[in-house]
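Dock chain B against chain A, hints included.
Those protein sequence lines, which keep their order, are chains A and B. Mapping of the first sequence onto the numbering used here: position 23 corresponds to residue 23, and the numbering continues sequentially without gaps. Counting the second sequence from 1 gives a position; the numbering used here is that position plus 1000.
Quick caveat, the hints were computed from the structure, so don't treat them as lab data. All clues stand as given, with none of them false.
Among the chain A residues that face chain B by a calculated CB cut under 8 Å, a handful are:
| no. | residue |
| --- | --- |
| 1 | V18 |
| 2 | A21 |
| 3 | T22 |
| 4 | E25 |
| 5 | D28 |
| 6 | V34 |
| 7 | K36 |
| 8 | L37 |
| 9 | P38 |
| 10 | A39 |
| 11 | Y301 |
| 12 | H302 |
| 13 | A305 |
| 14 | G306 |
| 15 | E307 |
Short derived list, chain B residues pointing at chain A, Cβ under 8 Å:
| no. | residue |
| --- | --- |
| 16 | L1082 |
| 17 | Y1083 |
| 18 | L1087 |
| 19 | H1097 |
| 20 | D1132 |
Anything over 10 Å on all C-beta distances counts as not near chain B; from chain A, calculated:
| no. | residue |
| --- | --- |
| 21 | G84 |
| 22 | D120 |
| 23 | T189 |
| 24 | A212 |
| 25 | P215 |
| 26 | Q226 |
| 27 | E258 |
| 28 | A274 |
Glycine included, every Cβ here is placed at the ideal spot set by N, Cα and C.
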Amino acid sequence: MRRHLLSVDDLTTDDVAVLFATAAEMHDVQRRAVKKLPALRGRTVINLFFEDSTRTRSSFEIAGKWLSADTINITGKGSSASKGESLRDTVLTIAAMGVDALVVRHGASGAAQRISEWVDASVVNAGDGTHEHPTQALLDAYTLTRRLGDLADRHVVLVGDLTHSRVFRSNVRLLTRLGARVTVVAPPTLMPSGVEAWAKQDGFATSWDLDAALPHADAVMMLRVQRERMSGGFFPTAREYTVGYGLTRDRLALLGDEVPVLHPGPMNRGLEIAADAADAAQSMVLDQVSAGVAVRMSVLYHLLAGEEPA
Amino acid sequence: MAGVVGVPTELDEHGRAVMDARDVSRALTRIAHEILERNRGATDLVLLGLPTRGVPLARRIAQRIEAVEGAPVATGSLDVTLYRDDLRRQPTRGVHHTEVPPGGVDGKVVVLVDDVLFSGRTVRAALDALADLGRPAAVRLAVLVDRGHRELPIRADHVGKNLPSALAERVGCRLEETDGRDEVLIG
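In isolation and in its complexed conformation, chain A is listed as follows (with noise of 0.2 Å):
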């Protein structure tokens, strides 16, 4: 693996497996009484987050300290940066204390990749803009191969606000690249611009017809509705969007109970997602977030534990 997790683009195929085959142990390591690993006692692992994060930064956060890594948080409100200060004077600041790693998450897209330019600290993307948040597609699709196994030709439906979601492009390029067959689903107004092309390029489908694409899923994952990107105008009401997009009752129906159904969280209950699906037996969305603790302690692992690169 490379110094640095940006994309998942920076990941082989074979990355995945052994980050996948590690968080599976790490994964049992949450079942036990002693959750703690000594794999990266003496390290430090600053969690800098721009924006507004709860799952994500708490499960760096835990990540880092059940493998005895000491985690501090830094949020923009509250830090310097709401003083004036520049993300670089901000982020060579924190570096110069001696950190090893930087977990970012920032607005603006290409944040983390800037900001590993600057440090020499590994620098782990947390979500930056619309742009990319590849741990959440590395636990999105560890969570799937364990239920389903081999996501080779598993067909996985991915719904909703595209324009505006990093999970959804950092999840079409994992899930595509490990096989599975992706179909894209939103309204019109919230498919990002040049989709086609990408789709082309990259083998996914696109469809604006939810009720179609149900019935042949294998997996279904839905994506929440950014209304604090949105400048409005994407859909008339929020009622109209939940007929046309959300996975209410009765979709759910025509999902049948077994076919697993996800969503990154937070949830908005009622308008991409009915409390039905949140709350169903299928619903994966707390595995999801177990998941999440275990590969993300893989990912600082394989980025941490071994020597430093030459």
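Positioned in the frame of chain A, the structure of chain B alone reads:
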């Protein structure tokens, strides 16, 4: 693994076999009996193999104990990668599977099983890993080969063969399950 990962190619070309399949089998049978004698039966016994080759060895010893006692013996594997003291000295290692038998290790007599005992560092890591899993009543160590050159105050309770070796020599173990045949080589 203690000291050697698999059998290096040099050993294949210049190595001398010091144990063949029948030697390995006899050694494991004796170790199984020693464990039983020491433990006065198979009660509360847990055999944990250290990956990779300690795992099939633990299974084989368990089979022999079961044949004598007529009752199943709890067997599992204990990966020590995350507890090693040399993690930062080499590229990141993959992690092997840890399988703790359903009864756990609390209050049990745990026998750690490995193929080659060398510096003792693997066993040190295994003791730390075991402490995170619970509190065994006692921990013992069984190895197929003890080649000496300890760097830590660790010794084996049950040894298949004591093999005096020079520090520069390599000792490798092959097993049917992992390598297609049983033998121990030195060279």
